[in-house]
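Following the hints, put chain B in place on chain A, whose structure we already have.
So the sequence lines, in the order shown, correspond to chains A and B. When we follow our numbering, the leftmost residue of the first sequence carries the number 1, and every step to the right adds one. When we follow our numbering, the leftmost residue of the second sequence carries the number 1, and every step to the right adds one.
To be clear, the hints were calculated from the coordinates, so they are not data collected in a lab. Any given hint might turn out to be false.
[What the hints assert, rightly or not] Cβ-to-Cβ under 10 Å is the rule here; a few derived chain A residues that face chain B: (1) Thr69; (2) Cys72; (3) Asp73; (4) Gly86; (5) Glu98; (6) Gly106; (7) Thr107; (8) Val130.
Just so it is clear, CB atoms sit at the ideal spot from N, CA and C, and this is done for glycine as well.
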Amino acid sequence: MNLHMASSKVPNLRWFFSAFVMGLTAILVLAARVQAQTPQAVTDDDVNRIASQLYCPVCENVTLDVCPTTACDRWRTAIRAKLEAGWSDQAIEDYFVEQYGARVIGTPPRIGLGWLLYAVAPASAIGLGVAAYFVLRRKPGNQAVTRNSAPVPTAEIKNWREKLDRDIHKDEPV
Amino acid sequence: MMHENPQEPETVQQPRRAPVWGIVFALLLLAGFLVFIGASLVKKSSPPVKLGDTMPEFALTSFDGQSYSSGELTGKVVLINFWASWCTTCADEAAALQTAWSEFEPGGKVIFLGVDYSDTEPEAKAYIQYFGLTYPSGTDLGTRISQLFRITGVPETYIFDANGRLVSITIGPFKTVQEIRSAVNGALE
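Bound conformation, chain A alone (with noise of 0.2 Å):
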């Protein structure tokens, strides 16, 4: 009977468990919905973010973050409604060298000729390492592990040793 019971309660319990999972995963599946249609908050931090990056068109050597003027504020506003619509830092950044031109960007921009900036300092130091591994081994004092001394043999050195006790010892008195 107890047994009986027992089986019978198995079957409501998997049902039970499996609506569970069911209504938990139809929540959080919905709740991420919810969060990808909300606009996202853009913080001050955001703009300055992308702000500090960017350079201001009038005034020299001021990036866009701390400069008063009504331009610099224009387009920090202009940040905040891309970041607002979902543009992505570098999208921001791309956009403004095209609006306004490589100036904005405190580095040369990396399209065409302005590659061989960037390119020039890793390659002259890759070439500054060729150039040095081929003076090294130039060296007079390395010269000496390129020659091709032939081996000589072991019986010929004992022979020159034992000459060469034979003449220290030669004159010393007895």
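Chain B in isolation, oriented as in the chain A frame:
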């Protein structure tokens, strides 16, 4: 009887030399870099346009979608005004420019072009609407046109005669409509 030194080397390898392709590559890289630096310096050191110069080649798309290029403008007196909506002194001359444009437009011998420098489009359009500007204006994309003219700020106005020669440069705003009339009429003569 002494033996000869048994460790006398028989052969000595020649030290390796840098491969030719490496030297060529390094030289090409260096030459390319120098050309790039040279081109940049030439571009940056080019002088601003001066009276008598021909009109620099440029293209401008106005906010209403019309395209204007310097090549198509020859035969007309061209007034190019650099402005921005954030520029307070530009606002001082905006009404005068519009008044002058309304006087010269019917003759068909003069064209005014507004070049909007480093501006945001909504504010630029609001500025145009506020001052009722009807002459074509467009964004200076990538500040290419202002770099060609090497402007020092806004507002600046350049007037070319019908042969495309620069006959007037005004740094700063026009004070009165009469100033604009005189400059344009001078170019028309």
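To see whether the hints hold, each was checked on the structure:
1. Thr69: Status holds, d = 7 Å.
2. Cys72: Given a least distance of 9 Å, the restraint on Cys72 (chain A) holds.
3. Asp73: Hint on Asp73 (chain A): holds, closest Cβ of chain B at ~8 Å, below 10 Å.
4. Gly86: 19 Å, violated
5. Glu98: 6 Å, holds
6. Gly106: 16 Å, violated
7. Thr107: Cβ of Thr107 (chain A) sits 14 Å from chain B, so the hint is violated.
8. Val130: This interface hint holds because 6 Å falls under the 10 Å limit.
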